[in-house]
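S.K.: On the provided structure of chain B, position chain G as indicated by the hints.
So you can see what is in the structure, the chains are spelled out below.
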Amino acid sequence: MSPEQIELPETRLVGEERDVAFEKSVGYSVAPAAFLMVCGYIVLAVAHVFVLPRPESIVMASLAAATGATCAFIWRQGSGVVARYLNSHQIIGILTLLILINVSLHMWLLKDHLQTTQFALAMVGCGFLMLHRGWFAVTIAAYLSTWMTLNWILGGSPNSVHFGYLMTISTLAAIAAHIARRQTTVRAETARIASEHERMAMEEHARKQQEHLEHVSRLLTLGELVAGISHELNQPLASISNLATACEMMLEQEEPTPFRDRQGEAVKGIADAANRAGVIIKRLRGLATKSSRPRSEVNLNQVVKDSAELMASDVRYRNGELRLHLEPNLVSVQADEVQMQQVLLNLLQNGFDALADTSGGEVIVTTSMSDVAVQVSVEDTGPGISIENPNSVFEAFFTTKEHGMGMGLAICRSIMESHGGSISCALREPEGQGTVFRFSLPITPKQHSR
Amino acid sequence: MNSSDQLPGGGSTTKHYRILCIDDSPQVRNAFVFLYETMGHEIDVAEDGPSGIQKVQHGDYDIVVSDFTMPLMNGREVAAAVKAIRSDTIVVLVTGWPLSQVPDATEGQVVEDYLFEKPFSLAHLNEVIGGMER
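Protein chains in written order, with my numbering: chain B, 1 to 450; chain G, 1 to 134.
Next up, chain B with everything else stripped away, as it sits in the complex (with noise of 0.2 Å):
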């Protein structure tokens, strides 16, 4: 009956995770090296307007300069930010207008083909890198790193010189960033899966703890009603017994008696008691479960039929009465019936001891429903929970028993909450003395019509 052990995953990262990880390094790494190209673009652009002093240049400095800021904004801001109010294509598409802009500008102030050409490449691999995209990036960077010092080589522009040191250098730094960065932008990756698991593989073992929980407190409760079933069952035994001896007697008989021929009533007789006893052993099905079950459409006033036969079971069930207050159009809801059932005779035990010092008193278990919910209520007319918040009665290890271990209501509670429903404990207020104790089920909404 052992809980099984947490088994954390090996924290090496295979397949489709690896992959992942990878690209998102390459693109921490790489982003920084746009950022550099769109920097030097903008120097130079600037230059231009000291240089040649002409309109022209400024206005290209200005577009060049607010090109470099949407792309720094939104490597700044990283995809997720900006993502929340444009997509990638969008995104894609602004920075494309500003490139094509740019160039139809450089062309037609420059007339310089090429080098318009050149930054317009350098442009578009700069707005894929913006948007990390990884492996094809660093290529559209290494081609164009590669064009350009081989223009330089065999000559051109100064300009076109001048982005083929930027590009080359840019390159190589973020060559060497990404070779630095990628084992530990892996590793953070690494861990962080490795984490996750490790957070699903604890809710599991908690998962498994409460399910234990719970099945030991219904071994409780079975240990409890042990005494009183045993002494239900010895009635049906003692019929079985003492028709079973008389049969034999009679068949032993030779001559005809009044009682010779009553066999066949005697085995009826067996059979009946042996049926019953069937039923009374019946009750306790619920109880030995170990594990949990589906969830399946369960209708209250039967569990609480269902619980208070198993009561009738306890010894506590001769301190007092046991009124049931049903609606009859009750709505059945998604639980498990079981648990239901557990909650529910923990409820009427707790009724039962309240009046174990009191004569006449009462157990008074009534459903109702609302538009939302389905609610039941158990109450006694005991002395009432004398403790200044009554809710605190559902903590865990709280007990007013000498051998209590104060599980049972805390066990109610989580079985509630993990229904979506909630359970209370106040003082009978209107009718005086005694504790009642609420608690109610979500309607789910498919469930309205019966």
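Bear in mind the hints are in silico, worked out from the structure with no lab data behind them. All values reported here derive from a predicted model rather than from experimental measurement. Even glycine gets a Cβ: it sits at the ideal position worked out from N, Cα and C. All clues stand as given, with none of them false.
To spell it out: a stretch of chain G is covered by chain B in this simulated footprint if at least three of its residues, at any positions, have a beta carbon under 8 Å from a beta carbon of chain B; those stretches are:
#1 18-30
#2 119-131
Chain G side only, calculated, beta carbon under 8 Å to chain B, not exhaustive:
#3 F34
#4 L35
#5 E37
#6 T38
#7 M39
#8 G96
#9 W97
Computed far set for chain B versus chain G, every beta-carbon distance over 10 Å:
#10 R207
#11 L219
#12 I281
#13 P294
#14 R295
#15 K305
#16 E321
#17 S332
M.R.: Positioned in the frame of chain B, the structure of chain G alone reads:
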């Protein structure tokens, strides 16, 4: 085998006895009657302590077999009352609880002659009768 000579399970008797069974369960009463009348004894039943005491007052029983735990009067009170009326009536108490859980007699006075665990069987009756005929 003639039922007036041998009891199944050993022991023998030629006598038939008047026995009163007091028990709140009709199953138990009916089965008691069925078996012991078949054996030839004269059986009477009562469903609780007070009506059982009444029968003892108006009748003459050799053996009174009473359930221990009953709503109105418990077995010990019944035993005390029966002994007060006729002290030579054998009183047998039968309990559904394990013997270790039966509360001790008040003031250390044991009023009943026998205390058995349920179910009360033929073997128990043989023991009682055996004791009576010694």
